[in-house]
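Just add 105 to the spot in the sequence shown (first one is 1) and you have the numbering used here.
No lab work stands behind these hints: they were computed from the structure. Some hints could be false.
As a list, the in silico SDA-like pairs of lysine to any residue whose alpha-carbon atoms are at most 25 Å apart [what the hints assert, rightly or not]:
| no. | residue 1 | residue 2 |
| --- | --- | --- |
| 1 | K343 | A156 |
| 2 | K132 | Y180 |
| 3 | K272 | E247 |
| 4 | K131 | G194 |
| 5 | K152 | K272 |
| 6 | K169 | E302 |
| 7 | K336 | E282 |
| 8 | K131 | Q209 |
| 9 | K191 | F179 |
| 10 | K272 | K336 |
| 11 | K289 | E302 |
| 12 | K272 | K313 |
| 13 | K313 | S143 |
| 14 | K289 | K313 |
| 15 | K275 | E247 |
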Amino acid sequence: MRHLKILILVLALIPANALAQKGSAKKGPVDVLLMGSSTIGGPLGFKIEKALKDEGFTAAKSLKSSTGICRADFYDWRVGAVQRAKEFGIPKVAVLYLGGNDSQDLRLLPSEQKKLGRARDWVRFRDQNDEWRLHYENRMLEVIDSLCDLGVSRVIVLPTVAISREKHVKQQDVIRELQGNAAKRSKCGLAMSTIPEVDKIPPGQLQKYRAKDGFHVTAEGATRVWNELQKPFIEEVKRVIPDRQKPTVSTAK
């Protein structure tokens, strides 16, 4: 009990922001920067970062949980992606994973409302589908092109993994389509599927490979995705950055 009281006292003396920053990536120039929502900080993001480093690339992660494209009023990746890329020396390759938090209506910023002459700020997915799709794809395009204009050579877009939440499957399908469209329209974007053949199964059967929320992959789920994604992903990074070599493993005892 005495030790527990001491621990509580120590934690109370640590600034909250210090605890929040623990585990944050050390900022500095990198070859590849992984950006996006919390999936970047989970098992899939870990696998991608490790594989890149194993190939001799410098890599880091920069994420903000609960963010996406729909709620630019909460966090606008059109601004945030550029800021984060600058913090890491404008990497040659940027990786974006967004969309898991976008199974919702889209909210326009006041400037967007004014430009469109709209009185309402919300665009509903259910009954304003065409307009929702237009705004979503254009916003995603702006995120990608903001990085291209900054000097990033390639933006690899990773649309969301297959999910096990039945009620959100339809909207996630649309989100993947729109992210792919945006990448094709962009100056330097490329979309790569995160849904391997083994994950093209009914949502209920995916549950054991997903967290309770149905959107985040477990360690095993990440392995299923990465097993298929790794080869084309690493090949593309090597194409953009051809002068890196795998680190040598010392055999000295």
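Evaluation of the provided hints:
{"no.": "1", "hint": "K343 / A156", "verdict": "holds, 12 Å"}
{"no.": "2", "hint": "K132 / Y180", "verdict": "holds, 20 Å"}
{"no.": "3", "hint": "K272 / E247", "verdict": "violated, 28 Å"}
{"no.": "4", "hint": "K131 / G194", "verdict": "holds, 12 Å"}
{"no.": "5", "hint": "K152 / K272", "verdict": "violated, 29 Å"}
{"no.": "6", "hint": "K169 / E302", "verdict": "violated, 29 Å"}
{"no.": "7", "hint": "K336 / E282", "verdict": "holds, 22 Å"}
{"no.": "8", "hint": "K131 / Q209", "verdict": "violated, 33 Å"}
{"no.": "9", "hint": "K191 / F179", "verdict": "holds, 21 Å"}
{"no.": "10", "hint": "K272 / K336", "verdict": "violated, 32 Å"}
{"no.": "11", "hint": "K289 / E302", "verdict": "holds, 23 Å"}
{"no.": "12", "hint": "K272 / K313", "verdict": "holds, 18 Å"}
{"no.": "13", "hint": "K313 / S143", "verdict": "holds, 19 Å"}
{"no.": "14", "hint": "K289 / K313", "verdict": "violated, 33 Å"}
{"no.": "15", "hint": "K275 / E247", "verdict": "holds, 24 Å"}
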